Each structure stands twice: as C-alpha cells, then as structure tokens.
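Peer 1: Turn these sequences into a full structure, and let the hints guide you.
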Amino acid sequence: MTEKPFDFTEGLTKKELIELDACTRCNECLAWCPVQDVTDDPNISPPARIHAYKGYIEQTHTLKGRLFSSKKVSTAELKNFKDSLWKCALCGTCGEVCTVGIDTKKLWWSVRRKIAASEVGCPEVLEKGPLQNYHKLRSPFPFELAHKYKIWFPDDVEMADKAEIGYYEGCGCAWDSPQMAEGAVRLLDAAGPFTMLDPDKSWCCGFPQAAGSGEWSIMAELANHMVKAFSDKGIKRLAVSCPMCLDIMKYLWPYFYGDELPFEAMATVELLADLVEEGKLEFSKPVEETVTYHDPCAMARPFMGKPILEPPRKLLNAVPGMRLINMERHGKLSRCCGGSAGERAVNPDISANIARKLFMEAKQTGADTVLTNCPVCYLNLATRTHTTPHPVVEEWRAYEDALKINDITQYLAALL
Amino acid sequence: MAVEFWNIPDGLIKVFYAFAGLTVIIFVLGFWGKIRIWSKGMDADQELKGMGPAGLVWLSIIKFFSSDCIFAKRVFPRSVIRGLMLMGIMWGFTILFLGTAGRSLNYYIVQFLEGGIWLLFSLILDTAGFLLLVGIGFGLYRKYIGKPERMVKNAQDGILLGLLFLVVISGFLVEGIRIAVLNPPAADWSPVGFVCGTMIKALAGTEALKSLYVVVWAIHFLFAFSFIAYIPFSKYEHIFAAQISNYLFQEKWKKKEIPRDWVFQEEIAQRRQARQNAAHPQPENKTT
Ligand code: HEM
Ligand code: SF4
Ligand code: SF4
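From first to last, the protein sequence lines are chains H and Z.
With the numbering used here, the residue at position 269 of the first sequence is 269, and numbering never jumps.
With the numbering used here, the residue at position 227 of the second sequence is 1227, and numbering never jumps.
In case anyone wonders, no lab produced these hints; they're calculated from the structure.
Computed from a predicted model, the values in this text were never measured in an experiment.
You may find that some hints are simply not true.
As the list claims (entries may be wrong) - In silico EDC-like cross-links for lysine to aspartate or glutamate, where the CA-CA straight-line distance does not exceed 16 Å:
(1) H:LYS306 / Z:ASP1043
(2) Z:LYS1153 / H:ASP40
(3) Z:LYS1040 / H:GLU77
(4) Z:LYS1153 / H:ASP41
(5) Z:LYS1040 / H:ASP40
(6) H:LYS114 / H:GLU127
(7) Z:LYS1147 / H:GLU10
What the hints assert, rightly or not - Facing chain Z, a subset of chain H residues (Cβ under 7 Å, in silico):
(8) LYS15
(9) ILE18
(10) ALA22
(11) THR24
(12) ARG25
(13) SER45
(14) ALA48
(15) THR62
(16) THR99
(17) ILE102
(18) ASP200
(19) ALA229
(20) GLY258
(21) LEU261
Using N, Cα and C, we set each Cβ at its ideal position, and we do this for glycine too.
Peer 2: Laid out in structure tokens, this is it:
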C-alpha cells in the first residue's frame, strides 16, 4: 500500500489558494518587510515564499506537475521553506502594502499550520516550549498558573468578584512585561470595579501555539474554557492588554467556540479611552514631555476587525502638557518590533536587529520616551541589545542612549 | 476588409490556425487546472461561499472590470508611475485582445468595421498598442535598470516580459510594413503604424519588404500565441486571480469569517451541544 501523499491544499481556504496565484512579484513588500530590512535576503521574502508554496501545490496537483516533476516535495526543500516561513514575524506589513491585496498575515498563518503538520514539523524550540508547556500547564511559559498574578498584582488594588468590566492580561504581560499588567489594573481600578479570572483559570489565549507552533487542535477546548470562565464572572466588556490575545480572540475564538462571544473583547486602551470619554477616568498630573507611540502589529494590522489606532492617541492627548509625535512609519504601516510569532525564540538575531531598527526610528523623532502597548514590543525593545547586531543596523549605537521605553498603560497609571 | 492575411502564403495560414488551436487548448487546460485547485479550497469567506469552478470563473471575469483593477487602485498609493505603468499594460493588453477578437468577428461573422467606425477602431487599437509598449518598456526598465533595492530574481519573469515586448514591437512592424507597401489612404489613423511605415519605406524596396513582412508576421503570431499559452503557468496568472484578491481585501476590516468546514467541525459541534444541554437541561426521558 502506498502512503497517501501530503496534500498541500487541504485546509487552505479558497481565498488563500487564489492569493497564491495573485502575486505579481512586484517586489513592493520587500521594501517594507522588517525581516528584509535586517537580512537583505530576497529568498526569504513574501513573493519567494508564495512562489515556493504554489510550486508544491502544482507539483502535486496539476497535470503539468505530474508529467514533469517528482510526486513528492523533497524533505530538504521543505526544511528550507520552513526556515523561511518561521523567519517571518507575522507582522502583516506585506499584506498592507501588497499591490494586489493579498492578506498575507492569514496566508502565512495557514501555511505554517500546513508545514507544522507535514513531515518537517514546526521549529523545535516552539514545539518544546509553548506547545509542551501548554499541554502540561495551559500556559506557554514553564510556570504554574497559580502564580500568574503574584509578581505584579498591586496590593493596594482591589479586584471585584464579579463585574461588567473584566480584565485579561495575557501570559506575555503576566510573565514577560508585568509592568504593563500592573499599569492596566491601576487604571481600571481608578475607573471603577473590575474583575479577573482566578489565576488557575486564566489559561493561555492560544496565540503562541496556533500562530507560533502552527497547532490549532487545542483551540476548541481552550476557547470553550475561556469563554465560559469569562461569562461566569459576569463580564460584558473585556479589556485585553496583549494585542495578540485580542487578535486571536476576535479571529479564532468565535469559530472554535461555535458562537459569537457573549462579551465584547476590546483592547485595554480602547476601554480606557471609552472610560475617559464617559468621564470615569482623568489624568490630573501634567507632564512636560514629548512622546512617540509605536503601534503594535496586532493593533495596526489585525486579523479581523478595525485597526486600533485612535484610542491610544486619544488617551495620550487627554494628558495635560503631553506632546505626541508620530514616527515616520506609524498607524497601519508601523514598523514591526520583530518579537512576535516565535521570531524571538527561533531567530533571536533577526528579532533583536529588527527591534534596533524600530528603536532608531523612534529615536529619530526626537521624543524623550517611546510608548507601546504590547508585551512583546515592550520586551523586545527593552532587550534589543542581547545579540550581535547585523551590519545594517550598526548605526543603532549612535542612538543607544536617552530614549526611554515604556508601556502606555504603565506610563498613564503614574499620572493618575 | 480582409486585411489580416494580406501577402501571407496559404501554407503559413494553415500553420497559424494550427498554432491558434494549440494555444487555446494549452491555455484552457492550464486555466482549468488553476480553477480546479481554487475550488478545492475551504469556504471561509462569505463572498466565495459555495462557489464551484463556474462561479469562480465568472467572478474572475466580472471583477476584472472592477475599479480596483482598471484604475490600479492598490498600486497608486505605493507609486504613481507604477500605477500608470500597470494601467498602460492592462488597458493596452485588454483593448488589443478585445480588438483582435472584434476583428475576427468582423471578418468571419458580421462586418461592422467600416468607414468612420473602422478609422476610430484603428486609432484606438494603435493607441492601446502604444500604451502597452510604454508600460512594458517601463516594466523592463524597472527589472533591469532602475531596479528596486531588493528584488526576487526569476528568469522566467524576464523572458515573458521580453516576449510580450517583442509581440508589441513586431505588431507595429507588421502594421508599418503594410502601410509602407500599400500606402492606404487613411494610414494616419494609425499614428504609430504610420510612423513605422514612413521609416520603413525609407529603408527598403517593395519586394524586400513583402518578404520581410512574412517573417515579421510569423514572429508576431508565434510570440503572441506563446505568451498567451504561457499565461496560466507563469506569474501572469495574476490576470485571473489578482482581481479576486483585490476584491476580498476591501472587505478585510469589516467582515467575519463563516465557519470553516474542516476537521475540527465535529469537536466544535459536540462542545456546543454540551453547552446548550447544560444551559437548558432536558427533562429526563420517561419511558411509558
Ligand atoms: C486583473 C487585473 C490586473 C491586476 C489587478 C494586475 C495587477 C498587477 C500588478 C499590481 C502588477 C505589478 C505592478 C508593479 O510592478 O508595480 C502587475 C504587473 C504586470 N501585469 Fe498585471 N494586473 C492585471 C491584469 C493584467 C493583464 C490583463 C495583463 C496583460 C498581459 C497584465 C500584465 C502585467 C505585466 C506585463 C506586468 C509587469 C510584470 C513585471 O514587471 O514583470 N496584467 N499587474
Ligand atoms: S508578515 Fe512581516 S515579517 Fe512576515 S514577510 Fe510580511 S512583512 Fe515580512
Ligand atoms: S506586494 Fe504582493 S504582489 Fe507584490 S511581491 Fe509582495 S506579495 Fe507579491
């Protein structure tokens, strides 16, 4: 009996299959891709990837492929492809600029899922890290959920048992950038009662496993558990600090839950901006400072729903005396920090160099502080120096000092 | 007005028909291969829900004429000059393609290209050819001279673009030689052809031109058919696909996906059922 050959089309959507044929190799996206910025290697660019994957489909599915090439895509070829695919930070910039409107972020994600299910699998660090940890602990980090709030939840803040406003920090904020979660709960607390899940019920959102490791099989159990846990707390509006958690909540949870979510999931900054508008939150301390704001990828170019660009700016403009200037690339075309979707773990060099580029761009605005609102951006910007710089970012040294990095909620919490 | 086959030996005309037939067969096979793969995809987008091959072909045709495509709406924000280039190529190619079809219709079925209409028709086709030439010229320039900083290299792309360039050039030469030899009264309604004709007239005598004509004519149809046959096997298949990706991208921020019909469906349904049962417990079945 012959083994059934791997089907490269199965599980892709019609749109994705069409998109593979739509790329004109116009090379526009190469000018914007953060990975290109620090590697200068067109072989790992979006058009090269699209061309390769389309080639696998043609090789296995068309008459031409069957006549002129071997039936099976070689393992070496797939390994190369996998390297290229996981060098991408899933920032979605290529899709935003694509001259034929390819929604690349979803496409890369789907293709990752396929490659993870193929003989080459996903990168080992992601398999051994977030995925195995999740199976054991329901968290991407190797720590018990019971301790999830311990290092950052402030003693002087009170959490209601049940409330209409809920808060979900996300594992990244809890363990990697806890200042962010602390800032958020202080602000929410100032505005009124809010509630959170019991720490042992506060599972991972699924992003590191689904996007990083390409593993979707955990999602149904996860989405069911989480939606139920939030509903049990009586939550109507859920503030989410990590933009990637929010993105996957909007994109995949409803599907895997099998219904619309029974609460409104929104970014913490969105909820806070609403609260400022409703007059429940006010910043009294004036600041004499110039800041710039970095739009995290998952807010600037989300999978689903509108980009979240205005609320953080609204919040900053509500602070008396604050001057906000935009970076050259901001909003929908903001520069990626290089940390997401496994990049930091799989390609630490690329990741840090991208962060240096972003840091330089922020510094060039002349601002005193760069604010962001994502645990990964925050972490990656703050630790950008931990690997050897690529020659193309050598100039970063000139910018190294005198730019403070902070999270927007932590920053605002100090101004209450 | 059977100008198509002026001065072409019968044997060559037979070859022409054979090539035309072969081109159509290869093109249709290639195109069908693509459509078949697309229709294997899962339903996740409302706009494509339940569409089979026929629906996808239809969508591809109607969306070809969407403003996104004919006004290169997604290219202009990135670069005005490339937007113009694309419009030149797209309008040029489309008009020439439809024009050639119209000419065959006129020749074989109903004669409608006469008098003023014929003159206008000539002018439009000539202009379209010119737009196409300028567009491709810029495409070649961008590929080999004023290159973007980073570029994916692919020999096939260059060869095909060059091929298309030669199709247009040889087309103008064919027209030019014919004008040079026949001196038709309304040649100035084909300005580019007229200019070519005037230049060619100065170069060679009528007999030499007549034999050159056969060669250039053969090159023209050979290259044109090769290009068309190659479309579904090269990046030029974007001609069928790019209008659909453009169309769906517009909906990106607004839309919700419809549930995908795939492996997890069963698990999702089970959990949903369990949830509903818990929310509305069924009274225990009493057996009578
Ligand atoms: C469905 C509508 C179409 C769309 C949306 C579309 C889109 C595009 C885009 C975005 C580019 C890249 C432009 C750039 O480099 O800046 C391109 C290139 C090109 N397209 Fe199209 N196109 C369409 C139809 C056509 C048609 C009908 C033809 C006829 C042959 C054509 C031939 C070309 C050629 C020759 C290039 C240049 C390729 C190169 O530089 O190598 N396109 N197209
Ligand atoms: S998603 Fe971002 S990192 Fe990945 S290929 Fe596109 S632009 Fe590059
Ligand atoms: S911008 Fe779009 S069409 Fe152009 S090379 Fe990149 S993916 Fe292909």
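Peer 1: Please go over all the hints and tell whether each is borne out by the structure.
Peer 2: Cross-check of the supplied hints:
Note on LYS306 of chain H and ASP1043 of chain Z: the hinted pairing is violated, with a Cα-Cα distance of about 22 Å set against a maximum of 16 Å. For the given pair, LYS1153 of chain Z sits about 13 Å from ASP40 of chain H by alpha-carbon distance, which is consistent with the 16 Å threshold. Annotation: proposed proximity of LYS1040 of chain Z to GLU77 of chain H is violated, straight-line Cα distance about 24 Å (limit 16 Å). Restraint check for LYS1153 of chain Z and ASP41 of chain H: satisfied, since their Cα atoms lie roughly 11 Å apart, inside the 16 Å limit.
Proximity of LYS1040 of chain Z to ASP40 of chain H is assessed by CA-CA distance (about 36 Å); at most 16 Å being required, the pair is judged violated. The suggested pairing of LYS114 of chain H with GLU127 of chain H holds, with an alpha-carbon distance near 15 Å, which does not exceed 16 Å. Distance restraint check for LYS1147 of chain Z and GLU10 of chain H: the Cα-Cα separation of roughly 37 Å exceeds the 16 Å cut-off, and the hinted pair is therefore not satisfied. Proximity of LYS15 of chain H to chain Z holds as hinted, the smallest CB-CB distance being about 5 Å (cut-off 7 Å).
Look at ILE18 of chain H: its Cβ gets to within about 5 Å of chain Z, closer than 7 Å, so that hint holds up. With a least beta-carbon distance of about 4 Å to chain Z, the hint placing ALA22 of chain H at the interface is held under the 7 Å criterion. Taking 7 Å as the C-beta contact cut-off toward chain Z, the hint placing THR24 of chain H at the interface holds, the least distance being around 5 Å. For ARG25 of chain H, the suggested interface contact is upheld, since its CB lies about 6 Å from the closest CB of chain Z, less than 7 Å.
The interface hint given for SER45 of chain H is met, as the beta carbon of that residue sits about 6 Å from the closest beta carbon of chain Z, less than 7 Å. The interface hint given for ALA48 of chain H is met, as the beta carbon of that residue sits about 5 Å from the closest beta carbon of chain Z, less than 7 Å. Because the smallest distance between the Cβ of THR62 of chain H and any Cβ of chain Z comes to about 5 Å, under 7 Å, the interface hint for this residue holds. The interface hint given for THR99 of chain H is met, as the beta carbon of that residue sits about 5 Å from the closest beta carbon of chain Z, less than 7 Å.
Interface hint status for ILE102 of chain H: upheld, as the beta-carbon distance to the closest one in chain Z is roughly 5 Å, under 7 Å. The closest approach between the C-beta of ASP200 of chain H and any C-beta of chain Z is roughly 21 Å, which is over the 7 Å cut-off, so the hint fails. Checking ALA229 of chain H against chain Z by beta carbon gives a least distance of about 13 Å; that is not within 7 Å, so the hint is violated. The beta carbon of GLY258 of chain H comes within 4 Å of a beta carbon in chain Z, closer than 7 Å, and the hint placing it at the interface holds.
A hinted interface residue such as LEU261 of chain H counts as satisfied when its beta carbon comes closer than 7 Å to some beta carbon of chain Z; here the least separation is about 11 Å, so the hint is violated.
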